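K.L.:
Numbering-wise (our numbering), the sequence shown opens with residue 1 and increments by one.
What the hints contain is simulated information worked out from the structure, not anything from laboratory work.
Since this is a predicted model, take the numbers as computed values, not measurements.
Misleading hints may appear alongside valid ones.
[Claimed, not checked] With beta-carbon atoms standing in for the labels, derived distance ranges: (1) Asp-450 / Arg-336: 26 to 32 Å; (2) Lys-26 / Glu-338: 44 to 50 Å; (3) Arg-277 / Leu-62: 23 to 29 Å; (4) Arg-186 / Gly-85: 31 to 37 Å; (5) Leu-188 / Thr-441: 15 to 21 Å.
[Said to hold, decoys possible] With a straight-line cut-off of 16 Å between C-alpha atoms, the simulated EDC-like cross-links for lysine to aspartate or glutamate are: (6) Lys-303 / Asp-27; (7) Lys-190 / Asp-381; (8) Lys-53 / Glu-92; (9) Lys-26 / Asp-310; (10) Lys-355 / Glu-338; (11) Lys-402 / Glu-338; (12) Lys-402 / Asp-428; (13) Lys-405 / Asp-460; (14) Lys-26 / Glu-394; (15) Lys-355 / Glu-472; (16) Lys-405 / Glu-430; (17) Lys-200 / Asp-442; (18) Lys-173 / Glu-149.
Where is the CB? At the ideal position from N, CA and C, for every residue including glycine.
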Amino acid sequence: MFRRKVLSACLASLLAVSVGADADDKDRQWLAGDHHVHTHWSVTFDMDGNFIKGGDAKYSYLTNTTMGKKFGLSWIVNTDHGDPGHSMINFEHAYPELLETRKAVDDMVIFYGHEWNIPVHGHATLILPINDLERETMRDFQRQFGRKEAGIESHRNAYMLEGLEWLDRFQEKPLVFLNHPSRSSRELGKFRQITPPRMKGWYDMAPEVQVGMEGAPGHQAAPVRGGYGGAPSVGGMDQMTAVVGGAWDHILGSGRPYWITSNSDFHKHTSNLYPLRNNPNELAPGNDYWPGEYSKTWVYAEKEYSDIMDGLRYGRIFVTFGDLINALDLNLSTARGENGATMGDTLNTGGGVEKLHLNIDIGAAMEPNHNGDLPVLNRVDIIVGAIHPDIDLEPDTNSTTKVLKRIHKDEWKIENGRIILDVEIPLDYEKGYVRLRGTNTDTLEPQPFDRNNPDDEWEDLWFYSNPIFWSE
């Protein structure tokens, strides 16, 4: 089963059509956001255990939100760290500041979030629905399931499952995205703390809560791109996403819809110098771009919190670097020109067809990005893979996934800021998926970061879609 709700193939097909109609009724649009942003309430502690405001991240809710708006964001999630006692720092200090910021910047959707120190060791973004329960919910969750606050020993997966089950009990469900999932890896293709088997188990425990991961980490301005000091980032992406047929494709091919996002992991802006934590007398630039300055997560939704959460929950998402594109509308159908399934949905092929049609409508960049460059999309890659129980048994891979087609810029025209493409998808599998990526580079596959020959992140731009599924 690869829908998040138990639906027959017929109902899945009807849903794919009805979502499009509902989108028109709801006046949905592509809205850029960032779900991993730290404020000065990501604190450190002195020798006496007193917290130091701004000890880790430096800026207020208002500054982060205002700068996010400046760089084109419509929604933002503040995700401060959860160290011992942090639940009350959030409860007594951060939350009142959040409410004041919501009043001051009332045209931004500002979520109450948290960077969860997950029990297996690692991090995840927790996004709460905006309601009267958010303050108490965050406090109670941090106390019970934050690894450092609850005193949970590392690598206790049972507590991770228990925490997800706790979140899944809410009628208005929160969301959890894994942060920088392979940052602890020491080499490409091998995972240490956050592993595909664990990820599949977390999804199975709460498939409407633990819905995805950061396909692209923050810290894109760091000396080591993404802050990946072991196994490197790949074209700025986490290796789980960047490697075709790798961990993300394994999870998708196992029959689990699982979404990717992008964000800033904002702490300290790269334009300023800050004292090093371990040597306050030495200064170094920040590792981060402002929310929205370099990375964006685009969600197809109304500009209100519940529909943004719905878009995040059900995969109406694509991600970009450097404002390479600003819209990505996909339609997978059994016949050219028909309404079909869009990003995150499933198309019922009905059997008896040998190919599908993918209509692609891309919003091309028409003005300079925040580095002063006009990014030019050079190529779009069409990636397909099968969904089959046997893929669940592969070692963190999907042997069926491949780049079906590479479309270069000399094969399209830009008209009124749009790139329109139509691609035939051979129906080689009863169940499968298609996803897209694109780049401004000539490289056929994104390359691992090389410390000896570091790439310029503004010259190595990519976009990634989330998948569309099909089933007979």
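K.L.:
The structure should be examined with respect to each hint, and the outcome stated for every one.
P.N.:
Going down the list of hints, with the structure as the test:
1. Asp-450 and Arg-336 have their C-beta atoms about 43 Å apart, which leaves the hinted 26 to 32 Å range violated.
2. Our hint of 44 to 50 Å for Lys-26 and Glu-338 is violated, since their Cβ atoms are close to 22 Å apart.
3. Range check, Arg-277 to Leu-62: about 24 Å between beta-carbon atoms, so the 23 to 29 Å window is met.
4. At roughly 32 Å, the beta-carbon separation of Arg-186 and Gly-85 lies within the given 31 to 37 Å, and the hint holds.
5. In this structure the supplied range 15 to 21 Å holds for Leu-188 paired with Thr-441, their Cβ-Cβ distance being about 19 Å.
6. For the hint linking Lys-303 to Asp-27, the alpha-carbon distance of about 9 Å falls within 16 Å, and the restraint holds.
7. In summary, the hint linking Lys-190 to Asp-381 is not supported, as the alpha carbons are separated by about 25 Å, beyond the 16 Å threshold.
8. For the given pair, Lys-53 sits about 13 Å from Glu-92 by alpha-carbon distance, which is consistent with the 16 Å threshold.
9. Taken as a hint, the Lys-26 and Asp-310 pair is honoured in the structure, with Cα atoms around 12 Å apart against an allowance of 16 Å.
10. A C-alpha spacing of about 14 Å is found between Lys-355 and Glu-338, which places the hinted pair at or below 16 Å, so the restraint holds.
11. Taking the CA atoms of Lys-402 and Glu-338, the gap is near 26 Å; set against the 16 Å cutoff, the hint is violated.
12. Simply put, Lys-402 and Asp-428 have alpha-carbon atoms about 12 Å apart, close enough for the 16 Å limit, and the pair holds.
13. Between Lys-405 and Asp-460 the CA atoms are separated by roughly 21 Å; this puts the pair beyond 16 Å, and the hint is violated.
14. For the hint linking Lys-26 to Glu-394, the alpha-carbon distance of about 41 Å lies beyond 16 Å, and the restraint is violated.
15. Taken as a hint, the Lys-355 and Glu-472 pair is honoured in the structure, with Cα atoms around 12 Å apart against an allowance of 16 Å.
16. The straight-line distance between the Cα atoms of Lys-405 and Glu-430 is roughly 20 Å, outside the 16 Å bound, and the hint therefore fails.
17. For the given pair, Lys-200 sits about 34 Å from Asp-442 by alpha-carbon distance, which is inconsistent with the 16 Å threshold.
18. At roughly 23 Å between alpha-carbon atoms, Lys-173 and Glu-149 are farther apart than 16 Å, so this suggested pair is violated.
Hints 1, 2, 7, 11, 13, 14, 16, 17, 18 from the earlier list are contradicted by this structure; the remaining hints agree with it.
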